[in-house]
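Quick note on numbering: the sequence shown equals residues 9 to 165 in my numbering.
In case anyone wonders, no lab produced these hints; they're calculated from the structure. Watch out, some of these pointers could steer you wrong.
The calculated lysine to aspartate or glutamate pairs, modelled on EDC-like cross-linking and capped at a C-alpha distance of 20 Å, are [unchecked claim]:
#1 K82 - D111
#2 K133 - E116
#3 K147 - E127
#4 K77 - D67
#5 K72 - E161
#6 K40 - D67
#7 K135 - D111
#8 K137 - E116
#9 K82 - E160
#10 K133 - E120
#11 K137 - D111
#12 K164 - D111
Listed next, with one range per pair, are the computed distances between beta-carbon atoms [said to hold, decoys possible]:
#13 K25 - G46: 35 to 41 Å
#14 Y113 - G45: 33 to 39 Å
#15 S29 - V165: 31 to 37 Å
A quick note: this is a predicted structure, and the numbers were derived from the prediction, not measured. We put the beta carbon where it would ideally sit given N, CA and C, even for glycine.
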Amino acid sequence: MRIAFRIAVYTLEYIEKNGLSLEKSFKRALTKSSIRGGEIVSQSYEYCRTALFSYSLADLILNKNYFRKISLRKKCAFRIAFGLLRKGYRLREVIYDAGGLLDRYLIEILREFKDISVEELVDRKDKIKFLSIKYSYPKFIAKRLVELLGEEEAEKV
């Protein structure tokens with residue numbers, strides 16, 4: 009649904025631009041779109057959650073393959089689209105839901121990397137970077153987990 013996708017984009021944009029929590033950003037995005045409740049709200053929240061679980065990998069792919077200047081809104085749309093593709097949505101549905109926020113270069117990157125795993129992009133020997141990207145943890149949290157628990161246990165957590 010286009011409206012749910014747009015609300016999710018606004019939410020991620022508020023998180024990154026203003027440093028707000030997911031909850032506050034989501035409420036602000038709902039206010040901007042004048043949506044009160046129902047299926048659209050739950051779907052847009054699910055889109056946000058999906059994007060947040062894979063945003064590190066999406067950003068890594070974007071930084072390595074997109075050499076143009078990109079607006080924050082398009083970057084957030086790419087993160088959501090990438091997360092939805094990893095969750096099992098079809099590319100055609102995601103492009104339709106994005107409603108013009110993804111240019112042809114971003115669509116081509118999505119098409120090329122939709123089935124990629126973290127292991128193919130990040131060296132597994134660098135455990136901190138690997139865990140940070142695989143689970144979308146900040147690096148300092150991944151580093152602390154490895155220090156406290158060891159490499160094997162940190163990956164299980």
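Hint check:
1. At roughly 8 Å between alpha-carbon atoms, K82 and D111 fall within 20 Å of each other, so this suggested pair holds.
2. For the suggested pair K133 and E116, the alpha carbons sit about 30 Å apart, so the restraint of at most 20 Å is broken.
3. Straight-line distance between C-alpha atoms of K147 and E127 comes to about 17 Å, which keeps the hinted pair within the 20 Å bound.
4. Among the hinted pairs, K77 with D67 is consistent with the structure: their alpha-carbon atoms are about 14 Å apart, no more than 20 Å.
5. Proximity of K72 to E161 is assessed by CA-CA distance (about 30 Å); at most 20 Å being required, the pair is judged violated.
6. With a CA separation close to 26 Å, the supplied pair K40 and D67 exceeds the 20 Å bound.
7. Taken as a hint, the K135 and D111 pair is broken in the structure, with Cα atoms around 34 Å apart against an allowance of 20 Å.
8. Between K137 and E116 the CA atoms are separated by roughly 26 Å; this puts the pair beyond 20 Å, and the hint is violated.
9. Proximity of K82 to E160 is assessed by CA-CA distance (about 36 Å); at most 20 Å being required, the pair is judged violated.
10. This hinted pair does not check out: K133 and E120 have alpha carbons roughly 25 Å apart, beyond 20 Å.
11. A threshold of 20 Å between alpha carbons decides the hint, and for K137 with D111 the separation of about 29 Å lies outside it, so the pair is violated.
12. For the suggested pair K164 and D111, the alpha carbons sit about 37 Å apart, so the restraint of at most 20 Å is broken.
13. Checking the proposed 35 to 41 Å range against K25 and G46 shows it is violated: the Cβ atoms sit about 27 Å from each other.
14. Judged by the Cβ atoms, the range 33 to 39 Å given for Y113 and G45 holds: they are separated by roughly 36 Å.
15. S29 and V165 have their C-beta atoms about 23 Å apart, which leaves the hinted 31 to 37 Å range violated.
This entry does not satisfy hints 2, 5, 6, 7, 8, 9, 10, 11, 12, 13 and 15, going by the numbered hints stated previously.
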